[in-house]
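**Q** Heads up, the sequence shown is in the numbering used here, so the first residue is 1 and it goes up one at a time.
The hints are simulated quantities; they were obtained by calculation from the structure and are not laboratory data. Cβ atoms here follow ideal geometry from the backbone N, Cα and C, with glycine treated the same way. A portion of the hints provided could be inaccurate.
Capping the alpha-carbon separation at 27 Å, the derived lysine-lysine pairs in DSS-like fashion look like this [said to hold, decoys possible]:
no. : residue 1 : residue 2
1   : Lys121    : Lys131
2   : Lys48     : Lys168
3   : Lys131    : Lys168
4   : Lys116    : Lys131
5   : Lys21     : Lys116
Cβ pair distances, simulated, as ranges [stated by the list, open to error]:
no. : residue 1 : residue 2 : range
6   : Lys21     : Glu127    : 31 to 37 Å
7   : Arg165    : Glu74     : 24 to 30 Å
8   : Asp75     : Tyr27     : 16 to 22 Å
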Amino acid sequence: MTKDPTKPNEMEAIPSLLQSKRQIDLYQLDVDAQAVLVAARLMEAGAKLGHAAEVHFSRFGLSTGRYRLLADLEDNDGEALPSQLADHLGVTRATVTGLIDTLERDGLVTRRASSKDGRQKSVVLTEAGAKKLREMAPEHFTRLEAMVSLLTTQERSVFLDLLGRVTKGISALTDDME
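Go ahead and model the full structure; you've got the sequences and the hints to work with.
**A** Okay, structure coming up:
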């Protein structure tokens, strides 16, 4: 029996709208079951994407975080303060320190006195780090393109808009409820 690619299998369809409605009824909540389903599916997709990204970057001897740090340095003329990197990546300074330590050990970045403020240490992309980004770029960007290849250009535009709006709502999971 051939699987119809337009129909998700049972595991891909969990949670379902029916399941969301049952849970909402069980807890006697006044919330939109479809909204709950969209959020649950988005969280599931995010988890799968996070795992796939780690597998992808491991091919290049990196993690997602280490790649993002290298790319951010490249975008900032090859040098940034650790605090700037933490802000750009949306992580703690402790996390950035760990990423820098590993990348420095691997020779992909180095620390030096800041060219803007000699009292601070900047993180600098080394030639080996820049080479790593250049060498992985063809495969990396081809795989990213392939990941969304089932969407038309118009669908990708709509998706980007929707994703931007959903991203603004992520704080609903982390903010204190009043």
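**Q** None of the hints should be skipped; say for each whether it holds.
**A** Tested hints:
no. : hint                       : verdict
1   : Lys121 x Lys131            : 23 Å, holds
2   : Lys48 x Lys168             : 21 Å, holds
3   : Lys131 x Lys168            : 35 Å, violated
4   : Lys116 x Lys131            : 25 Å, holds
5   : Lys21 x Lys116             : 57 Å, violated
6   : Lys21 x Glu127: 31 to 37 Å : 57 Å, violated
7   : Arg165 x Glu74: 24 to 30 Å : 29 Å, holds
8   : Asp75 x Tyr27: 16 to 22 Å  : 45 Å, violated
Checked against the numbered hints listed earlier, the structure breaks hints 3, 5, 6 and 8; every other hint is satisfied.
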